[in-house]
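Peer 1: Just so you know, the sequences run in chain order A and B. Counting from 1, one number per residue, gives the positions in the first sequence under UniProt numbering. Counting from 1, one number per residue, gives the positions in the second sequence under UniProt numbering.
I should point out that these hints are in silico values taken from the structure, not numbers from a laboratory. Mixed in with the good hints, there may be bad ones.
[Said to hold, decoys possible] Derived contacts from chain A toward chain B, CB cut-off under 10 Å, selection only:
id	residue
1	R100
2	L119
3	G123
4	R154
Every residue, glycine too, gets a C-beta built ideally from N, C-alpha and C.
For reference, the chains in residue letters:
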Amino acid sequence: MFRCTVSLWDSDEPVPRAELLKGVEGAHGLLCLLSDRIDAEVLDAAGPNLKVISTMSVGFDHLAIDEIKKREIRVGYTPDVLTDATAELTVALLLATARRLPEGIQEVKSGGWSSWKPLWLCGYGLSGSTVGVIGLGRIGLAVARRLKPFGVKRLLYSGRQPKPQAQEVDGEYVPLDSLLCESDFVVVSCALSPETQGLCDKAFFTKMKTTAVFINTSRGAVVNQEDLYEALTAGQIAAAGLDVTTPEPLPTDHPLLALKNCVVLPHIGSATYSTRGIMAKLTANNLLAGLTGEAMPSELKL
Amino acid sequence: MSGWSQLQFELWDSDDPIPRQELLKKVKGCDGLLCVLTEKIDAEVLNAAGPNLKVLSTMSVGFDHLSLGELKKRGIRVGYTPEVLTDAVAELTIALLLATSRRLIEATHEAKTGGWGTWRTLWLCGYELADSTVGIFGLGRIGVAIAERLKPFKVKKFIYTDVAPRPELAAAIQAEYVSMDELARQSDFLAVCCALTPETQGICNKNLFSKMKNTSIFINTSRGGVVNQEDLYEALSTGQIAGAGLDVTVPEPLPTNHPLFTLKNCVILPHIASASYTTRNAMSALAANNLLAGLRGEPMPKELQL
Numbered sequence: 001m002f003r004c005t006v007s008l009w010d011s012d013e014p015v016p017r018a019e020l021l022k023g024v025e026g027a028h029g030l031l032c033l034l035s036d037r038i039d040a041e042v043l044d045a046a047g048p049n050l051k052v053i054s055t056m057s058v059g060f061d062h063l064a065i066d067e068i069k070k071r072e073i074r075v076g077y078t079p080d081v082l083t084d085a086t087a088e089l090t091v092a093l094l095l096a097t098a099r100r101l102p103e104g105i106q107e108v109k110s111g112g113w114s115s116w117k118p119l120w121l122c123g124y125g126l127s128g129s130t131v132g133v134i135g136l137g138r139i140g141l142a143v144a145r146r147l148k149p150f151g152v153k154r155l156l157y158s159g160r161q162p163k164p165q166a167q168e169v170d171g172e173y174v175p176l177d178s179l180l181c182e183s184d185f186v187v188v189s190c191a192l193s194p195e196t197q198g199l200c201d202k203a204f205f206t207k208m209k210t211t212a213v214f215i216n217t218s219r220g221a222v223v224n225q226e227d228l229y230e231a232l233t234a235g236q237i238a239a240a241g242l243d244v245t246t247p248e249p250l251p252t253d254h255p256l257l258a259l260k261n262c263v264v265l266p267h268i269g270s271a272t273y274s275t276r277g278i279m280a281k282l283t284a285n286n287l288l289a290g291l292t293g294e295a296m297p298s299e300l301k302l
Numbered sequence: 001m002s003g004w005s006q007l008q009f010e011l012w013d014s015d016d017p018i019p020r021q022e023l024l025k026k027v028k029g030c031d032g033l034l035c036v037l038t039e040k041i042d043a044e045v046l047n048a049a050g051p052n053l054k055v056l057s058t059m060s061v062g063f064d065h066l067s068l069g070e071l072k073k074r075g076i077r078v079g080y081t082p083e084v085l086t087d088a089v090a091e092l093t094i095a096l097l098l099a100t101s102r103r104l105i106e107a108t109h110e111a112k113t114g115g116w117g118t119w120r121t122l123w124l125c126g127y128e129l130a131d132s133t134v135g136i137f138g139l140g141r142i143g144v145a146i147a148e149r150l151k152p153f154k155v156k157k158f159i160y161t162d163v164a165p166r167p168e169l170a171a172a173i174q175a176e177y178v179s180m181d182e183l184a185r186q187s188d189f190l191a192v193c194c195a196l197t198p199e200t201q202g203i204c205n206k207n208l209f210s211k212m213k214n215t216s217i218f219i220n221t222s223r224g225g226v227v228n229q230e231d232l233y234e235a236l237s238t239g240q241i242a243g244a245g246l247d248v249t250v251p252e253p254l255p256t257n258h259p260l261f262t263l264k265n266c267v268i269l270p271h272i273a274s275a276s277y278t279t280r281n282a283m284s285a286l287a288a289n290n291l292l293a294g295l296r297g298e299p300m301p302k303e304l305q306l
C-alpha cells in the first residue's frame, strides 16, 4: 500500500490562480482538470519535487508540454475511457441541431405549437447525406460508426494523413476543401494545436453548403467565433452545434447564444455518471503510478 | 399527369387545419379526399361526402384518425405513407432519446442563463447507452429502424414486446421477445413504437412505470393516446423513472400550462418526427400518387389493407 498526503481544493469553483501557486509548493504530484492552466509559472512555483501531473481529460492543450518535458515530469491523461460518452454527445448535438430540437421545444413552451403542419420545423436528415469528419481519431471514428446506420451515403474525413481504421466506416480521405464543399454535416473532432487554432474561419465557412450543419465538440479555439456568427446570420451555413467555446463559460450576452440556428452546450461531452467515475479512477491511478515510478495505465507521450 | 383530361381539386390552402364545418361542406360529392392526421374522418364526414367517395389518402403512416370500419363498409380504398417516413422518424426518436438521456435541454438552458461555470466533474451528468438494455414496445418498421441506429452506441441487449413475437423483424436486430412486465423491469431505455388501437390506449400507465428502473428513460414517438399522462407525471416527479421524451401528446398541441412542462426531466417536442424536407416531400408525393391510383381504380403504391 502506498500512502501520500493529499491537499484537496474542495470546491466546485476552480482554484484561484494565487491559491494554486501557493498550494503546489513542494508537491510531488498534481492532479488537475482542463480548467487549470499548467504553465511555467505553476511548474516553477511547484519546484523540483514535482514528478507527475495527472489530468482528468483526454485534451492536454491546458498543459505547457515543452515546459513539462524540459523538467522531466511525467503526464497521465484519460484517453479511450471517455470516447463512447463523447461520441454519443457529439451525435446527440448533431441530431438536436439538424432536427431543430431546441427550437421545437421553445415553440411548444411559448404557445407556438398549434397543429401538425407539413413544412413546420422541418430539418435536415442524415439519410442519403455526406458527412465530413475533421480529425478521424478515437472520437472521430466513434462518431462515424454511430452515424453510419442513419443512412449516411458518404463518410469523408481529413487530417494530416489517411488512417487505416477509416476502412471500417468506408471513410474516404479527402483534402479539407473537398470535405467542406461536399459535406452536408461537418464534424470537428481534432485536437487543438497551433495548426488547428482558428481553423474554422471565414474561408472555411464560405466553402460549406448553405444547407450544411457544423458541429464542434473538440476545443473552442479551433473555431473563429466571429466568423461563425457571420456565417450563421448570412445563411452561409444552415446551423451550428457547439459543445466547446472560447471562453468557457461563454458570457450569456454572447451573440451566438441568441441565434435560433446555433445550439450551445456547456462542455458536457464526457458527462455521464459511469464515464466520469471511470475517468476519476484512471486519473488517480495515473497519479499513483507516477508517484511510485511505475508504468501508468495511460501515460501521455511527450 | 398524362391521360388526365379533367381532374378538379379543391385545396384548403392554409397552414392551419380545415375547420370541421368547412370540411363537411367541401367534401360533398367528392370522388377522392387527401387529408393529414388532424382530420378526423368518421361517419359524419363520410356521410357528408356521399356515395361518390371511393378513395381516401392520408399523408401519414398512422391511421387512428380514420374510422376504418366505416370506410370498409362503404367500400372506400385507403392510401397511407409507410416506409418513406421510417428513417426520419427513427432519427428523431433517437434525437429525442439522446436529448433526454444526456440532458441537452437543461444544458442549453444553463448555457443561456448563466448557470454554466467552469468544467465540473458531476454537473449535468446523464445516462449512457453503452452497456445498456434497450426495450421496444411494438416492433414494427420504426422499432427495427431505431434498434439498427442504436447498435453502434454499444447497447448490450435489445428486448421487445408486442401482441405476438415478430421473429423475422426481431432477427434483424437480435432482439429478445419478453412480456410487458419484463420490458419494464429490464429496460434502461424504453421506446414506444406501437400503433394506437383500443388495446394500446393508455397502456403506458402506472402499472408500467412502477415496474421500471429509477434510472430509466421513457420515449414515446408513437401516439399520445398510448400514454396515461397523469401517471407519467407522477412517475417523473416522484423519481420512479429518470426522464421522459415525448413527440406526441394528448391533446396536440399540449396546453402551455400542462404540468408536464414544469418537469426538468421531461422533454416535449411538437410532433415533428417526420419533419425533414426530403421526407415530407416524399410523403406528399406518395399521398398524391395513392390518391390518383385510387381514382383510376388501379393498385396504389401503398394501400392500407382494411
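Peer 1: Hint by hint, note whether the structure agrees.
Peer 2: Hint check:
With a least beta-carbon distance of about 8 Å to chain B, the hint placing R100 of chain A at the interface is held under the 10 Å criterion. Contact between L119 of chain A and chain B, as hinted, is supported at the beta carbon level, the nearest pair being about 6 Å apart and thus within 10 Å. Hint status for G123 of chain A: holds, given a least beta-carbon distance of 6 Å to chain B, under 10 Å. The restraint placing R154 of chain A at the interface with chain B is violated, with a minimum CB-CB distance near 16 Å, outside the 10 Å limit.
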